[in-house]
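Could you build the full structure based on these sequences and the hints that come with them?
Below, each chain spelled out in residue letters.
There are 2 protein chains.
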Amino acid sequence: MKLLEFLRGERKKTASVAKERLQIIVAHQRSQRDQPDYMPMLERELLEVIRRYVKVDQDAINISLDRDEDCSVLELNVTLPRT
Amino acid sequence: MKLLEFLRGERKKTASVAKERLQIIVAHQRSQRDQPDYMPMLERELLEVIRRYVKVDQDAINISLDRDEDCSVLELNVTLPRT
Chain A
18 MKLLEFLRGE RKKTASVAKE RLQIIVAHQR SQRDQPDYMP MLERELLEVI RRYVKVDQDA
78 INISLDRDED CSVLELNVTL PRT
Chain B
18 MKLLEFLRGE RKKTASVAKE RLQIIVAHQR SQRDQPDYMP MLERELLEVI RRYVKVDQDA
78 INISLDRDED CSVLELNVTL PRT
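Line order of the protein sequences matches chains A and B.
The numbering used here puts the first sequence at residues 18 to 100.
The numbering used here puts the second sequence at residues 18 to 100.
The set of hints was computed from the structure by calculation and includes no laboratory data.
A couple of the hints might just be wrong.
If chains are identical, the list can't say which one is meant, so a pair holds when it fits in one copy or spans any two.
To be verified - As a list, the in silico SDA-like pairs of lysine to any residue whose alpha-carbon atoms are at most 25 Å apart:
hint: 1; residue 1: LYS72; residue 2: ASN94
hint: 2; residue 1: LYS36; residue 2: GLU65
hint: 3; residue 1: LYS72; residue 2: LEU91
hint: 4; residue 1: LYS72; residue 2: GLU62
Since the model is a prediction, treat every value here as computed from it, not as a measurement.
Next comes the structure, spelled out in structure tokens:
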């Protein structure tokens, strides 16, 4: 579980910040080009799901979508309000 | 964007496999303990969202939820059918 270890490493480094955070990474690896890209729609639906669980302002959400030939990576970073 | 680079590195290593894949990582870093953990519900809803976009069998989905004191990491790995 290398990615998990990576995320944990990140977490330890930033532990002093002590902010509630939610990070979602969606990586889609395609085997063929010219397929419909559903990432923008998926992004919207994921945001809807998140909003059902946590109350967040639009400006607390940082989204990036990165594409190359055969891989799309959607990254959502959410700073959660203190409870 | 270190995580992105990491995912890309992973992708290159496994490019020869040429399978369609979707990977979703949700990391929740809490600032306080004893908060309600919504990850299991979030997991269900994320699966519902994925199923709206891709037709996948239950056994094509691999899910793990890993928790420690102040961090929960949900990982969904989906092998997509060839289109």
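Exercise for review: Starting from the hint list further up, note which numbers the structure goes against and sort them upward.
Suggested key: none
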